[in-house]
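Enquirer: Protein sequence lines correspond, in order, to chains A and B.
At position 185 of the first sequence (counting the first as 1) the number is 185 in this note's numbering, and the numbers step up by one without a gap.
At position 169 of the second sequence (counting the first as 1) the number is 169 in this note's numbering, and the numbers step up by one without a gap.
Just so you know, the hints here were simulated from the structure itself, not pulled from any lab data.
Heads up, some of the hints might be wrong.
What the hints assert, rightly or not - Residues from chain A shown here face chain B by an in silico Cβ test under 8 Å; the list is partial:
#  : residue
1  : Ala15
2  : Pro31
3  : Arg34
4  : Val39
5  : Lys42
6  : Gln110
7  : Lys111
8  : Leu116
9  : Leu117
10 : Asn118
11 : Ala119
12 : Pro120
13 : Leu121
14 : Leu122
15 : Ala274
Think of the CB as a built atom: it goes at the ideal place given N, C-alpha and C, for glycine as much as any other residue.
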Amino acid sequence: MTDDMLQTAANLPAASARRYAWPRLTHRLVPVLRRHFLVWRKLAIPSLLANVADPLITLVAFGYGLGQLLNSIDGVPYIVFLAAGSICMSTMMAASFESLYSAFSRMHIQKTWESLLNAPLLLDDVMAAEWIWAAIKGCISGLAIILVAWALGVTREPTLLAVLPVVLLTGLAFAALGLCVNALAQGYDFFSYYFTLVLTPMSFLSGVFFPVTQLPDWLQAFSAVLPLTAAVALARPLVLGEWPHGVLHHVAILLAYAIGGFYLAVVLTRRRFAN
Amino acid sequence: MQMADADAVLRVEGLVKRFGSHQAVDGLSFSVRRGECFGLLGPNGAGKSTTLKLSLGLMEPAAGAITLLGEPIPSRGREARVDVGVVPQNDPLDPDFTVAENLLVFGRYFGQPDSLTRSRIDPLLEFAQLQSKRNARIQELSGGMKRRLTIARALINDPQVLFLDEPTTGLDPQARHLIWERLKRLLAQGKTIVLTTHFMDEAERLCDRLLIVDHGRAIAQASPVELIAREIEPHVIEVHGPGREQWAAQAPSLGCDRVETVGETTFAYCQHPETALAALNQRTDLRVLHRPANLEDVFLKLTGRELRD
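Model the full structure from these sequences, guided by the hints.
Expert: Set out below in structure tokens:
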């Protein structure tokens, strides 16, 4: 027993160091990413339709429908105002869906992760691939709305191109948050709480449908630290052909959620897999 | 023992793993020699699968030292797994891919070029008797086919060691025999096999050496033949019929060393069965089966007869 406890003590620091080690991104994530892409390619058409249809309906219905009733918001037609919010929200939803339902299915239901971990891959590699893949899925959705807005003539500003890196950052932030929730989930039910209690309220607090300035002061302060607020604050001026204010500040917020969130997700998932 | 250690593919010393207050693995030590088939045998929940996962570096042990293919585990588990194949339970194949795509994509995880993987796909499909299923979806495969594909997939990197977690659980006898034959073929090629099982005939047919585990502890370690010779009387007399309880009471005086009654059957274990058999010959009210002791008798003697679920 004493020997056993001595050995336990000897194993603990190394184990704890491995638990909290900073995850390293290596080329090993590439074959995992290729796997996700190959599966997606087989189901790409229905997947793309689903990614585009929902925010497209929102944009058209709210934009034109509500737009008829409203005068301009902040000096622009409502549909133009809404476009930036739609791009960011769509990115958020797609990245979240992929890092929750799809990642959970690969981790827990289909046991894809188990196969990956039996190969010479680490949990870090598997997580990194999930993170980047969910961000890419977010980008595909965001890009689809950008194209829809361009095609409808909502906006044709060249600064629209600069929305792409914003979409990528937004995708990385929400993919990381989604993976944190995934690490704690016991079943799919858990995710509906995250959607109803976190993501849906966030979309009303982040300036997607109406300016943040409409919120009471205390809510504005809360809104200012939300990732979706930062995303919309960057995307909206770019959609309108202007350069946003406080770029560094908003980028820093998105990066903090992306990198901090991913680190937390990796540590939580390591804990999950240790037991 | 020292000879064995020098040639050990896997060495485990003082391994301990706890899940909360449950002691899953409690001080296990064993080593696996190159080219042998080593079996971890034990009832459900004995700690077999946990030991396998720990040996592969997929979990952190609470205590103990593991070396796999010369690499310390878990710190260099990834490096060790380059030369290892794993067949987990429940065949976690990719349901969205065809049979051949499952092999191709899995080869990429080992960092090997697609050309090398492609050159291995046909021989592996032949090995697994899945040539006609090359482009089939996973849902179209039977349980036996899925298991064979999982084994083929574990061989895509041409590993030195193959770990199998209950390789024939849930399969029909035909499928089971085919898998045994294929595993023997791999042993003949010089591969090392580590498997868990709770099937005695599987352990007896395949394994050079066995470690019987219960409650996370080693309770016996030897070849199947040695275990039977060492742990149990060589003759078993099974007696059925209405008079068996009365017979059970007199059996010790007829030279039987141990007598057990389970449900409708009385088991008598003997070094010298002649006297008991002669006495049973006189009885018309009893049905008698005299057979040599097997690994299942050893297993039940060592781990007890109570259900584990």
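Enquirer: Hint check: is the beta carbon of A/Leu117 less than 8 Å from a beta carbon of chain B?
Expert: holds, 6 Å
Enquirer: Grab the minimum C-beta distance from A/Ala274 to chain B and call the hint holds if it beats 8 Å, violated otherwise.
Expert: Holds - the Cβ of A/Ala274 comes within 8 Å of chain B, reaching about 6 Å at its closest.
Enquirer: Answer holds if the nearest beta-carbon of chain B is closer than 8 Å to that of A/Gln110; otherwise answer violated.
Expert: The hint holds - A/Gln110 has a Cβ within 8 Å of chain B, the shortest such distance being about 7 Å.
Enquirer: Per the CB criterion, is A/Asn118 less than 8 Å away from chain B?
Expert: With Cβ-Cβ at 4 Å, under 8 Å, it holds.
Enquirer: Interface hint check: A/Lys111, Cβ to nearest Cβ on chain B, cutoff 8 Å. Holds or violated?
Expert: holds, 4 Å
Enquirer: Would you check whether A/Ala119 satisfies its interface hint, that is, whether its CB is within less than 8 Å of any CB in chain B?
Expert: holds, 4 Å
Enquirer: Holds or violated: is there a CB of chain B closer than 8 Å to the CB of A/Pro120?
Expert: holds, 4 Å
Enquirer: With a cut-off of 8 Å, does the beta carbon of A/Arg34 approach a beta carbon of chain B closely enough for the hint to hold?
Expert: holds, 7 Å
Enquirer: A/Lys42 was flagged as interface toward chain B. Is the shortest Cβ-Cβ separation under 8 Å?
Expert: Status holds, d = 6 Å.
Enquirer: At a threshold of 8 Å, is the proposed contact between A/Leu121 and chain B supported by beta-carbon distances?
Expert: OK, holds: A/Leu121 within 8 Å of chain B, min 6 Å.
Enquirer: Does the CB of A/Leu116 sit less than 8 Å away from some CB of chain B?
Expert: Since chain B brings a Cβ to about 6 Å from A/Leu116, closer than 8 Å, the hint holds.
Enquirer: Less than 8 Å between beta-carbons is the criterion; does A/Leu122 satisfy it with respect to chain B?
Expert: holds, 6 Å
In this structure, none of the earlier numbered hints is contradicted; all agree with it.
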